[in-house]
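> This is what each chain is made of:
There are 2 protein chains.
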Amino acid sequence: MDKSTIIDVAKLANTSKSTVSRYLNGYKVKKETKEALDRAIRELNYHPNANARRLVKNNTQVIGIVVDDIANIFYADILRGIESVLNSYGYRCAYYSRTSNYQGEFGFMDLANEGEVDGLILVSFLKRSQEMLDEVKKLAIPIVLIGDADYDSGVFSVDVNNELGISELVHYLYRIGHRNIAYINGPEHFSASYWRKKGYENTLKELGLSYKESWIIDSDWTKAGGHKAMSELLAFKDITAVVSSNDEMAIGALLYASELGFHVPRDLSIVGFDDTEVSKWVYPPLTTVKQPLHPMGEKAATGLIAKLKGEQDIQEQRILIDPKLVVRQSCRNL
Amino acid sequence: MDKSTIIDVAKLANTSKSTVSRYLNGYKVKKETKEALDRAIRELNYHPNANARRLVKNNTQVIGIVVDDIANIFYADILRGIESVLNSYGYRCAYYSRTSNYQGEFGFMDLANEGEVDGLILVSFLKRSQEMLDEVKKLAIPIVLIGDADYDSGVFSVDVNNELGISELVHYLYRIGHRNIAYINGPEHFSASYWRKKGYENTLKELGLSYKESWIIDSDWTKAGGHKAMSELLAFKDITAVVSSNDEMAIGALLYASELGFHVPRDLSIVGFDDTEVSKWVYPPLTTVKQPLHPMGEKAATGLIAKLKGEQDIQEQRILIDPKLVVRQSCRNL
DNA sequence: ATGAAAGCGCTAACAG
DNA sequence: CTGTTAGCGCTTTCAT
Numbered sequence: 001m002d003k004s005t006i007i008d009v010a011k012l013a014n015t016s017k018s019t020v021s022r023y024l025n026g027y028k029v030k031k032e033t034k035e036a037l038d039r040a041i042r043e044l045n046y047h048p049n050a051n052a053r054r055l056v057k058n059n060t061q062v063i064g065i066v067v068d069d070i071a072n073i074f075y076a077d078i079l080r081g082i083e084s085v086l087n088s089y090g091y092r093c094a095y096y097s098r099t100s101n102y103q104g105e106f107g108f109m110d111l112a113n114e115g116e117v118d119g120l121i122l123v124s125f126l127k128r129s130q131e132m133l134d135e136v137k138k139l140a141i142p143i144v145l146i147g148d149a150d151y152d153s154g155v156f157s158v159d160v161n162n163e164l165g166i167s168e169l170v171h172y173l174y175r176i177g178h179r180n181i182a183y184i185n186g187p188e189h190f191s192a193s194y195w196r197k198k199g200y201e202n203t204l205k206e207l208g209l210s211y212k213e214s215w216i217i218d219s220d221w222t223k224a225g226g227h228k229a230m231s232e233l234l235a236f237k238d239i240t241a242v243v244s245s246n247d248e249m250a251i252g253a254l255l256y257a258s259e260l261g262f263h264v265p266r267d268l269s270i271v272g273f274d275d276t277e278v279s280k281w282v283y284p285p286l287t288t289v290k291q292p293l294h295p296m297g298e299k300a301a302t303g304l305i306a307k308l309k310g311e312q313d314i315q316e317q318r319i320l321i322d323p324k325l326v327v328r329q330s331c332r333n334l
Numbered sequence: 335m336d337k338s339t340i341i342d343v344a345k346l347a348n349t350s351k352s353t354v355s356r357y358l359n360g361y362k363v364k365k366e367t368k369e370a371l372d373r374a375i376r377e378l379n380y381h382p383n384a385n386a387r388r389l390v391k392n393n394t395q396v397i398g399i400v401v402d403d404i405a406n407i408f409y410a411d412i413l414r415g416i417e418s419v420l421n422s423y424g425y426r427c428a429y430y431s432r433t434s435n436y437q438g439e440f441g442f443m444d445l446a447n448e449g450e451v452d453g454l455i456l457v458s459f460l461k462r463s464q465e466m467l468d469e470v471k472k473l474a475i476p477i478v479l480i481g482d483a484d485y486d487s488g489v490f491s492v493d494v495n496n497e498l499g500i501s502e503l504v505h506y507l508y509r510i511g512h513r514n515i516a517y518i519n520g521p522e523h524f525s526a527s528y529w530r531k532k533g534y535e536n537t538l539k540e541l542g543l544s545y546k547e548s549w550i551i552d553s554d555w556t557k558a559g560g561h562k563a564m565s566e567l568l569a570f571k572d573i574t575a576v577v578s579s580n581d582e583m584a585i586g587a588l589l590y591a592s593e594l595g596f597h598v599p600r601d602l603s604i605v606g607f608d609d610t611e612v613s614k615w616v617y618p619p620l621t622t623v624k625q626p627l628h629p630m631g632e633k634a635a636t637g638l639i640a641k642l643k644g645e646q647d648i649q650e651q652r653i654l655i656d657p658k659l660v661v662r663q664s665c666r667n668l
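As you go down the protein sequences, you meet chains A and B in turn. Every letter in the first sequence is one number past the one before it in my numbering, and letter 320, counting from 1, is 320. Every letter in the second sequence is one number past the one before it in my numbering, and letter 51, counting from 1, is 385.
Honestly, the hints are just simulated from the structure, not real lab data. For clarity, every value in this text was computed on a predicted model and none was experimentally measured. Just so you know, even glycine gets a beta-carbon here, dropped at the ideal spot from N, CA and C. Nothing false has been slipped in among the hints.
Among chain A residues calculated to face chain B with C-beta under 10 Å, some are:
| # | residue |
| --- | --- |
| 1 | N49 |
| 2 | A52 |
| 3 | T60 |
| 4 | I73 |
Pairs of lysine-lysine residues, derived as BS3-like cross-links and limited to a Cα-Cα distance of at most 25 Å, are as follows:
| # | chain 1 | residue 1 | chain 2 | residue 2 |
| --- | --- | --- | --- | --- |
| 5 | B | K461 | B | K532 |
| 6 | A | K3 | B | K472 |
| 7 | A | K307 | B | K337 |
| 8 | A | K228 | B | K614 |
| 9 | B | K562 | B | K532 |
| 10 | A | K17 | A | K3 |
| 11 | B | K391 | A | K57 |
| 12 | B | K546 | B | K532 |
| 13 | B | K337 | A | K138 |
| 14 | A | K212 | A | K237 |
| 15 | A | K309 | A | K138 |
| 16 | A | K3 | B | K641 |
I would like the entire structure built from these sequences, with the hints used as guidance.
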């Protein structure tokens, strides 16, 4: 049995395909035709062909969400934020994983140019090249970015205010008496690493604290990395607190300190960044900074909707959302 | 500037749209036409319209992967397994989240019926209703399932052998001298809960161990749940080991025991299931069972490819892959 | 190697 | 409220 079309339905219901089409799209038809149509549709097990409809309407009602690695979504709540607003406007979300895309950084371009989606949200926390940003501006459909465009990119983007987050952490440590504060840095190819480190350095200066290059350890976001970083930091006896630029490394650091018999926070204070789920389960529960993930997703989606509607006043702006300090028990009041 | 079509390209290159189409699809054209075509395509910034092509070719070269919740992917490596084989056959993957789908359990049906994808992989560890399974069999395109179809469903499905996994855990505990073994159960609406519990009960009987209803605590997969379950279990003084049906709850249990001053594994042995990343980072590192996630994804994708090719010998079978015991330090040799 | 023409399944004027 | 008609942008015979 071949798939049935709108014409088959029309014939069986003794009417024309225009009427079928109208009925399917919510227009009024005479009661008898409606009944005949319903019967025909059921009998033929008819389903409209999305590709034909998309061709003529020149839209799809689906938004593409491109993520770095579908199997490694750190910031899941961003996606929930996106879905919640996009769905409320009648759009569906289709997710695509960049890792799978042999074409590299530009692999999603086809999606945008070939009419597979009506709009695109690119979610990535890797640094974006200016070259790629330029390409984005040329695309045929509206696009917004989540994860910072380091530059004044001219593309609508939203991110957490990384610099502010670290700054609050350092201020907090300062308030409770810490003066010698070390830092564990994230990998260079992440935009967040740049801004968080900047937050650390600037806040130190602002507070008039001594600034030592050797107290900054470059690492890789992982527990293993934080573990190792801490082993280097423990050589410096005057350090009383460590700011880790994410929770994972903070936990690795915590673990290393414990293994060596140091008690956190008695002997050493440690803070992280992200407020991941585990951060409240480690011992001691980690003081950190909560990323506004859901709002980030919402803001991005809202911006995209505005573009889709062709609103003129939606500028290509860079939106930074403030994170929130979460005080738990990994710091000692000196 | 309107989007250019294949006709614009043809005109500019002084040829016909058939020739453009052929060229785009890899057929040979005269050298001069090729050059003219390349020039025209670049000049017009031409991109083929995927919807038009899909309409006439009646396929899309994309496979839909439907997951329960895109923002909560426990079993990420399954997706990597899927992508690796699907990509090698020239298919792209598009992911859809069922949570977002107000239409509930049947929300993905449109994808299958309206020609948006060529095939579907449904990834879910929730119990599936027979009703839904029946619907699946009627769909217009090939479908495979990941996560068990409890019944003899008549649909190609792959899952880990949950029963065997728990059985190996219990056997291991038995070998190192444990006789009084409690169990923390997962929530009822997950297929895995049923099979794992069955593995616990059957292995106990098989080994001639005493079986007590009160040593089985129903919980919810979460750390908090495991935490609470352990608080109930600690009332039974003769228990020497606890099998948790997943790692999360095992870690919650571990934490509770520690908080009460019990030392694991000296005072109590605990094992989990999954081999999640954290399980090797908790103290003590958790003995558990490793799910063959990547292979599960590969098997499912391979099955789908076979169906897509119309291979007759690909039966609608239920494939169960064996998990692997991972011994770490959360158990004491009695 | 190329062009003409038909058609994929649907929507949207237009005329009634 | 309904039918007729003309496309949407592309692929694919069938000729040449």
